[in-house]
Amino acid sequence: MTDTVIETRGLRKHFGSNVAVADLSIRIRRGEVFGFLGPNGAGKTTSIKMLLGLVPPTSGSATLLGAPVGDHRARTKVGFLPEHFRFHDSLTARELLRVHGRLYGLRGGALERRIDALLERVNLREAENRPLRHFSKGMTQRAGLAQALIGDPELVFLDEPTSGLDPLGRLLVRRLIEDLRDRGASVFLNSHLLGEVEATCDRVAFVKRGRTIHELSLRDVAASSLDVELKIDRTDAAILQGLQAFGSDIRLNGTVVHLRAKAEGAVPEIARWLVAQGVGIHGIGSRARSLEDWFVEIMGEDQRPG
Amino acid sequence: MNGILAIMQLTWIEARRRKIVLAAVLCGIGFLVVFGLAIYSNSERAIGMPLVQRRMVLQVLTLVGLYAINFLVIALSVLLPVDTLSGEIESGVIQTLASKPVRRADIILGKWLVFWLMLAAYILVMAGGLVAIMYALTGFRQQNLLPALGLMQLEATVLLSVTMAGGVRFTTITNGIVAFSYFVLAFVGGLIEQVGMIGGNVTARYIGTAISLVTPVDAIWRKALAILQPPFMAQTVITPFSGGAEPSAAMLWWAVLVVMVAMTLAIRGFRHRAL
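Here the protein sequences come in this chain order: A and B.
Start counting the first sequence at 0; every next residue gets the next number (numbering that gives the first Met the number 0).
Start counting the second sequence at 0; every next residue gets the next number (numbering that gives the first Met the number 0).
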């Protein structure tokens, strides 16, 4: 069993002269929750559609669970929740799951038991025989989540899974993602809600104008990146030079110095060093860098779509 | 095979829930009741006629009924599949289906099979019911009914397949316009061919035949008309229901080829379609 669930090399898609995806080259490992971030129109949804065989790539290659994308067998262990989940709304939630279960080759008692478990999991048991057209947006989204999981997937694509969900619904999605990771499945998450991504993802890729411009391991970043703010009575060149030993990106704002420390343990060391230099400390604060900080820094001001 | 069966199940549930089946059944029953009442109210008048004349009148009445049913079948052949692909592509519903481990060809074939079976059942119930009513009320026995029903099914299959192929490329409204135009072109082609035959105009006959090669729908119906009535009626009595120039068996094989081409285009087009 290969450790890589998704691998793309130079995947590209253009519609006429409009380049939706310029170069998608990523590798996602088994058991990883991978966030796919970028402004609107960056090519995120087109990328997911190419991986699922919904849109044929113009060039490049990709594999899904070891099989080439586009081959329907590659999707045997893949689940997908589209950004705007819609289905034949005359079907009940149970019928929806039954049809999708059969598309995965499930049937009989095994399928019905799987449906029971999923309806329970997404809190739709009481509404299972109601047509989808009578569902609220949040209920429809939860039915969509259940259909994405009906085939017991090893890889799940979630395109904006929490849109339309209330806080409890969002918590449900987070727990579902954690469950998937616990049993070794991988999740490809496309979301604008950076807080959600930060709370669930192991690694993220930033996409801008159809190109993957940066990848970040959130675990490594959380342990190694801290924004430190120092209110001190001396900010001469020697002090600023000396602070470079503890971090980077040093900026001076009046008597306040900002720097990005390399590790959490750097804060007491900075304090000790400043005192040793005879610098008076009026205040010292630190906070972990948020994904939003990274997003703004990596994406820059210009977030026009590709 | 799992994929085709699941799509068939989905298509059938959807057709039932959208009350397509109920509407077709109720309207069909209504039509048969009206037809039965019309025959019943005129049957006594036919009893006093000479045998040959009586048989001709009853035959024409049966053809009138079958002609009307043929129009209903044509409408159903276009309306049933007209939005099944284009509508699902436009709404995004198809993304959820096509992202499953199912061939795109299976999605097309599953839907096509359910519509084909629905049309077969409709033709059998409506045309069979009409002939049964005629027999029960007048004792008239329609000749060659089963082969004629087979031809009506072939006609419906051509329209169904062409409409499915259109659904891959066009929006629902455009597809409806194209599919009905395809039928109207066949109808006009048939008229041109008949006028050419009656007037001895070879060019008109060639034009009509050429149109029938593109759209053999009307030719198939004329073949059905030719076998439904006795040869002397088809050749001597000019009515809207006389077969006119009877197409050859080769035209029927041509129609089968048209179905295969339409379905190949549908499957190939859908396979490469961005969803």
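Certain hints may be false.
Sample of chain B residues facing chain A (criterion: CB under 10 Å; computed from the structure) [what the hints assert, rightly or not]:
# : residue
1 : Q8
2 : I12
3 : R168
4 : R204
5 : E245
Note that these hints are calculated values from the structure, not bench results.
Since the model is a prediction, treat every value here as computed from it, not as a measurement.
The C-beta atom is built at its ideal place from N, Cα and C for all residues, glycine as well.
Is the shortest C-beta separation between E245 (chain B) and chain A less than 10 Å?
violated (44 Å)
Given a cut of 10 Å on the nearest C-beta pair, is the interface hint for Q8 (chain B) held or broken against chain A?
holds (6 Å)
May I ask you to test the interface hint for R204 (chain B) with respect to chain A, counting a Cβ-Cβ separation under 10 Å as satisfied?
violated (46 Å)
R168 (chain B) as an interface hint toward chain A, with CB separation required under 10 Å:
violated (16 Å)
Given I12 (chain B) as an interface hint, is its Cβ closer than 10 Å to any Cβ of chain A?
With Cβ-Cβ at 6 Å, under 10 Å, it holds.
This entry does not satisfy hints 3, 4, 5, going by the numbered hints stated previously.
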